[in-house]
Amino acid sequence: ERRSNTWQGPREKAWLRRREIPACHYKRIREVSSIHFSFTMKFCVQTPCLFLAFIVCTQLYKAHVGEGTFVPSRCRCPEAYRVVRGPFVNFAVHPKGPHCSTDEIIVMLKRTKKEVCLSPDGPQGRKLLKCWNRVNQNGGNKNKCLRKRNQKKQQRRKEPARSRGATS
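Heads up: the sequence shown at position 30 corresponds to 30 in the UniProt record's numbering, and the numbers run straight through without jumps.
Among these hints, one or two may not hold up.
[To be verified] No farther apart than 20 Å at their CA atoms in a straight line, the calculated lysine to aspartate or glutamate pairs in the EDC-like style are these:
| id | residue 1 | residue 2 |
| --- | --- | --- |
| 1 | Lys-142 | Glu-115 |
| 2 | Lys-127 | Glu-115 |
| 3 | Lys-96 | Glu-79 |
| 4 | Lys-113 | Glu-79 |
| 5 | Lys-96 | Asp-121 |
| 6 | Lys-114 | Glu-79 |
| 7 | Lys-142 | Asp-103 |
| 8 | Lys-127 | Asp-103 |
| 9 | Lys-130 | Asp-103 |
[As the list claims (entries may be wrong)] Simulated restraints on C-beta separations:
| id | residue 1 | residue 2 | range |
| --- | --- | --- | --- |
| 10 | Lys-110 | Cys-49 | 53 to 63 Å |
| 11 | Gly-140 | Phe-54 | 19 to 29 Å |
| 12 | Phe-54 | Arg-74 | 39 to 49 Å |
Derived by calculation from the structure, the hints in this document are not laboratory data.
Even for Gly, the Cβ is constructed at its ideal location relative to N, Cα and C.
Work the whole structure out from these sequences, hints included.
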């Protein structure tokens with residue numbers, strides 16, 4: 001006997017026989033399988049989109065809440081020296097803000113590699129602040145502020161002496 005439903009292949013017939021489903025339910029099974037197919041296709045498209053949306057939301061949440069900048073609650077330099085002897089390797093200037101009412105200048109000494117606080121009211125502090133502000137406006141290198149002023153004059157004096165000694 002051949003049935004009018006031509007969509008049934010040997011697999012469907014075997015499955016129906018195993019389940020002992022009456023012939024009147026064949027059409028309903030076909031509808032359910034087509035719904036299942038469309039659901040799996042939607043699932044294949046929706047899953048990557050949902051996953052991507054989840055990742056974007058978590059990254060935005062982390063950027064908003066978790067990773068803020070460190071704001072100290074007090075001054076870094078409770079005591080500052082007006083003058084510091086010795087050459088400097090590096091320095092950092094922290095402008096005044098809600099955590100501290102004065103500018104802070106932290107200098108690293110060349111010999112001891114020790115960080116020392118320099119007062120912005122002293123002569124060295126004023127020169128470093130002035131140079132630091134100039135460098136930030138012009139976009140230069142802050143290491144220019146660490147050079148001695150006499151160094152340029154000494155280099156100019158030495159250069160002519162070298163040219164005089166060379167005779168042809």
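Each hint, compared with the structure:
| no. | hint | result |
| --- | --- | --- |
| 1 | Lys-142 to Glu-115 | 17 Å, holds |
| 2 | Lys-127 to Glu-115 | 18 Å, holds |
| 3 | Lys-96 to Glu-79 | 15 Å, holds |
| 4 | Lys-113 to Glu-79 | 19 Å, holds |
| 5 | Lys-96 to Asp-121 | 13 Å, holds |
| 6 | Lys-114 to Glu-79 | 15 Å, holds |
| 7 | Lys-142 to Asp-103 | 17 Å, holds |
| 8 | Lys-127 to Asp-103 | 13 Å, holds |
| 9 | Lys-130 to Asp-103 | 12 Å, holds |
| 10 | Lys-110 to Cys-49: 53 to 63 Å | 58 Å, holds |
| 11 | Gly-140 to Phe-54: 19 to 29 Å | 46 Å, violated |
| 12 | Phe-54 to Arg-74: 39 to 49 Å | 41 Å, holds |
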